[in-house]
Amino acid sequence: MSTQLEPASEARDVEIVEMTYREAVNAALVDEMTADPTVYLLGEDVANDGGVFKTNAGLPEQFPGRVKNTPICENTFIGMAIGMSVTGLRPVVEIMFSDFLPTAGDAVIEELPKFRFMTGGQCTLPVTVRSIGGATGRFGTQHSATGESWFMAFPGLIVASAGTPAGAYSVLRAAIRHGDPVLFFEHKGLYGRRGPVVRSDEAIAEIGRAAVVRQGSDVTILATLLMVDRALQAAEQLSADGVEAEVVDLRFMRPLDLDTVRTSVNKTGRLVIAEEQVHAGGWGATILSQLWLNGVTLAAPPRVVGLPDDLLMPYSPPLEDELVPSPAAIAAAVKEFG
Amino acid sequence: MTERSQRVEWLRRMLEIRLFEEKVQELFMEGLIHGTTHLCQGQEAVSVGAISALRDDDYLTITYRGHGHALMRGIPMEACFAELMGRSTGCCKGVGGSMHFTDVKRGLLGAFAIVGAGLPVALGAAYSAKLQGSDQVAVTFFGDGATNIGTFHEALNIASAWKVGVVFIIENNLYGEYTPLRETTPVDDLAVRATAHGIPGVIVDGQDIDAVHAAVAEAVERGRAGEGPSLLEMKTYRFRGHSRTDPAKYRPEGELERWQERDPIVLLGQNLAAGGALSLDDQETLRREIQEQVDAQAERAKAAPFPTIEEIRSYVYAA
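Here the protein sequences come in this chain order: P and R.
Numbering-wise (our numbering), the first sequence opens with residue 1397 and increments by one.
Numbering-wise (our numbering), the second sequence opens with residue 188 and increments by one.
Isolated chain R (complex conformation) (with noise of 0.2 angstroms):
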């Protein structure tokens, strides 16, 4: 692919979730979505464009804040819908909700509902890679909230010790659930966390793709090359609450609308319309072309059926 072609593509991925997400919103309130849902709008370059650095054989490990990056990695966007509405054609086979999105044979091996539980996984996906004689990767996302966690350093301390290859990305929105960053967290760059275990602590303007995904192909290739791995600090902000019911009256006047200055979709979309790979207008045609997939995907998945007990019972053993 051209870079030209590439940063296009980038544009179609992050409206796709994009619109996904706010199509999710209102499938809520239109009563086909329950419980609740982290949405990413605002974080979409992280995904895209450290998920466009990886092999298909990489693995991957996210968050309950993870739609963005499972349809990244590729599950269909019906699949997704489905999965959000509890039916059987959804990519857990409606089992497990907006939370736990994963597809393995994809390498993405996990959507953790416990903050920090990931990294672990991941660690351990990376040392299979390593043992098995593979230069494949696993790259974990979670937020700034987990670097307060034990297996955050747990993990950073075992993947250094050890030289294993494993991306760690922090997706800093500012926000641990309702709590600013600053209350909780001595230290406003959570990168500088590296310096502990040995290892890189690299700071991402987590709303420039451009530069999400050179950190991040830079420390994939750290991996791949057996000098183990990377923590990466992506700064970024989230542009809804914490989770559905969270209005987030706790943020300072004027953050969320100094945040959307910066929304990554604007800013590559203006990037390349000024290099004329793609005019503002043909944005809007692609927008208005993902829409209509996205309202058409949602619309597929509403007519598949529930699973019953009988079905999901298989997925509690394989033995």
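The following block holds chain P by itself, in its conformation from the complex (with noise of 0.2 angstroms):
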């Protein structure tokens, strides 16, 4: 199986446009509501002046009735985007703050996945509901979760994310698209982080496929949502050491692509796991057991970066930037393998 690298490097017809990772979120909600009229956008505030995070600039003009603000009723309005999905439309709801999806959890755990099975597949599901999630913006114990792994274990659902623009146009567009229930994670902390986006159709990404965006030998680094983009600072410092290490961006926490971590590590050897989150009950700890049940073999044993599983996130800055991983401390458990 081929691993997806970004961007595409070899010679093609297409344009490669930097933008910010905000600005490829915008991107692809505009290029799907052009494509699909049947493409509606609610969630709180999202047709106020882009939304709260700007994500949906433009989006109320450009597509005039087709962005619309609820009321504070996660649960209700993700209930409603089902009862429009099975009447021939295809919602996208934004969730502020993933924070606040557990005020969701009939919806998201109950419904969302249950729906179509329980009535013997006589319907689909195209929901996409966008989370904006993830720490370092200074917003406090409640306001700073990624919740990327609260519903991996919920068979029905598509649960994926994206820690780079190129991911988030790519994935975005494809979880739109796709016929079943996505929860699509997005990181607040990465908005304004900028990086080459191939803008087409031919970019829109494979559902349940992760991405090498980073090519190299000696070690692989397995990130989401923002770690992707400090596992990427990572592997600068320690390429000045001579050190290459392979970054792969996970994208999807189920389907889980085992076979992309497995051929990275295969070449490696060695695997550090970079997650802003607690460990237990992750998809950290989940690759990490699919890897040991396939009899993966590792050169020396994997490491993991993430939250302490002691702690819950502190407003207070300068204890928030030492919670969250850095650049420094993904280095650092590289540097660990000697």
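Hints are computed from structural coordinates only; laboratory data are not their basis.
There's no promise every hint is true.
To be verified - Here are the simulated DSS-like pairs of lysine-lysine, each with C-alpha atoms no more than 27 angstroms apart in a straight line: (1) Lys1464(P) to Lys1450(P); (2) Lys436(R) to Lys210(R); (3) Lys210(R) to Lys489(R); (4) Lys350(R) to Lys317(R); (5) Lys1464(P) to Lys317(R); (6) Lys1464(P) to Lys350(R); (7) Lys292(R) to Lys1510(P); (8) Lys1731(P) to Lys1663(P); (9) Lys292(R) to Lys350(R).
Treat the numbers as computed from the prediction; the structure is a model and nothing was measured.
Since each chain comes alone in its own frame, lean on the hints to assemble the complex.
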């Protein structure tokens, strides 16, 4: 199985544009809403001045009547999206902070994944939930979770994310046009990050496929969201010291792309998991379990860089900085391999 | 259909539901139906009266006490029995069971085992119709207990604020599971909760099918005209306990008997006999005919195979 590189390095007849992660999210929304008139965007403040994180700039003007501010009631407006999706529309729901998703526990856990199954496959639910999470914004304990692994144990859902602008564009477009419900996690600490994006239909991601965002032969760093960005920075530091890290953006928590991870660690023999979450119950722990169950052997025990298991995210800026793994912390974990 | 033939048809449909539910109980005792069931004997006028006020292209969501609504919306009885027996010929291929009688093609979008979960879905369907320029409405049925859960207020709020054509129908049977409404809820008339959301709230005698039909027809018209949602409170009663294992010992003495005097089938039957539309003898003949159909369809359902794991795999993901 081949791994997906981004952006395509071969000579291709597509334009590569430098844009921010925020602009990439916006571009994905614009391109899908243009391609499909049944795509609607709803959520809290989504139509006000570009939305809280300005990802929706220009959409209400470009797509009149298709961007709708909702009241503050996540469980109900995700439930509404289900009703819209089984009656011919393709709704995209924005959750302003991933910490608000648990209030929609019924819609996300009991309805979205189970609805089609319980009817014996009578319907499809093309619903995308864009959930904005992550620390580093000084938002405190209840506005800083990534939430990326909370729903990965539910068959019936696709759980996706992106750690680069190119990924944000590619994965979000794939999510919106997918026939099953997708939770797509964005990271608010990435919105200002710039990177090359192939803005074309060819860039639409394959559902369930991780992306190798930097090639290297000495160690694999597997990460999601902001940790991808920091792993790439760590890889540059390591490169100066002669260590070439391969960075893999896992992108999908469900389904997990074990093949891409296995191909990478078979090459490097060493694995660092970089995750902005506690290790227990998350994708990092599940990947390690899957590698072990599948008999994948490593040259050294894997390392995990993540959030402490015995603390919660504080507001105080220096403490938040200390807790969220830095590029230096990721590089240090690599150096422990000696 | 003339008014007379429509009311005779209502009687037939209510009898079908009643005899279906009684057969379910029987099949349960025979070990052919498993798990749990939530039967609706006593509440038939609500499903029949309300659903007969809808167009074929309108949308519905129902609850785990939904056998009556599903039959009335047109799911074939054999497919309902097969579903209860977990067979691959069931309306949900045997994976849903008693609580999830669904028929998307007939606009019956979902049957929910989580209290309150159907309201947002109905709201979304009606909103979808509005966005697509259609005058289809959505009707969502739920119990008195659901008026204490967040989605009830959240859905009424949005439907009213955006003038979405939803008819919210409370089947107030006085008990939320085993607990009397009075113990959990500060008002007896749940329709008053409409006031908080700026929409009409109507109390309806849920045992009187003419009253049910008229109230729903009016609410549907309002929805179609773009005037927004309505909340209808059907005062009704379940003759059985909450679910199969509930003997309903919490009911005060005499309460069941008082409600049985207001059995919707008896009330309509007496009315039809008195008006000369259908004699009591003819009603007895009708009941026997339906009983034979019910028995025959249950027999046919028993002959169907169980689904396989391979078969149900494709129901998880569409893509």
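Handout entry: 27 angstroms limit on alpha-carbon distance, applied to hinted pair Lys210(R) and Lys489(R)
Key = Roughly 13 angstroms between the alpha carbons, so the hint for Lys210(R) and Lys489(R) holds.
Practice task
Please work out if Lys350(R) and Lys317(R) have their alpha carbons no farther apart than 27 angstroms.
Solution key: 9 angstroms, holds
Practice task
Would you mind confirming whether the straight-line C-alpha gap from Lys436(R) to Lys210(R) stays at or under 27 angstroms?
Solution key: 23 angstroms, holds
Practice task
Measure nothing beyond the straight line between the CA atoms of Lys292(R) and Lys350(R); if it is 27 angstroms or shorter, mark the hint as holding.
Solution key: Status holds; Cα separation ~26 angstroms.
Practice task
Sort out whether Lys1450(P) lies within 27 angstroms of Lys1464(P), counting only the CA atoms.
Solution key: 15 angstroms, holds
Problem - Restraint check for Lys292(R) with Lys1510(P), where alpha carbons must lie at most 27 angstroms apart - result: At roughly 18 angstroms apart (the allowed maximum being 27 angstroms), Lys1510(P) and Lys292(R) satisfy the hint.
Handout entry: Pair hint outcome, Lys1464(P) versus Lys350(R) [Cα-Cα no greater than 27 angstroms]
Key = Holds, because 14 angstroms separates the two Cα atoms, which is no more than 27 angstroms.
Problem - 27 angstroms Cα cutoff - pair Lys1464(P), Lys317(R) - result: Cα-Cα ~13 angstroms, so holds.
Problem - Restraint status (C-alpha distance of Lys1731(P) to Lys1663(P) at most 27 angstroms) - result: Holds - the C-alpha atoms of Lys1663(P) and Lys1731(P) are around 18 angstroms apart, at most 27 angstroms.
In terms of the numbered hints stated before, the structure departs from none.
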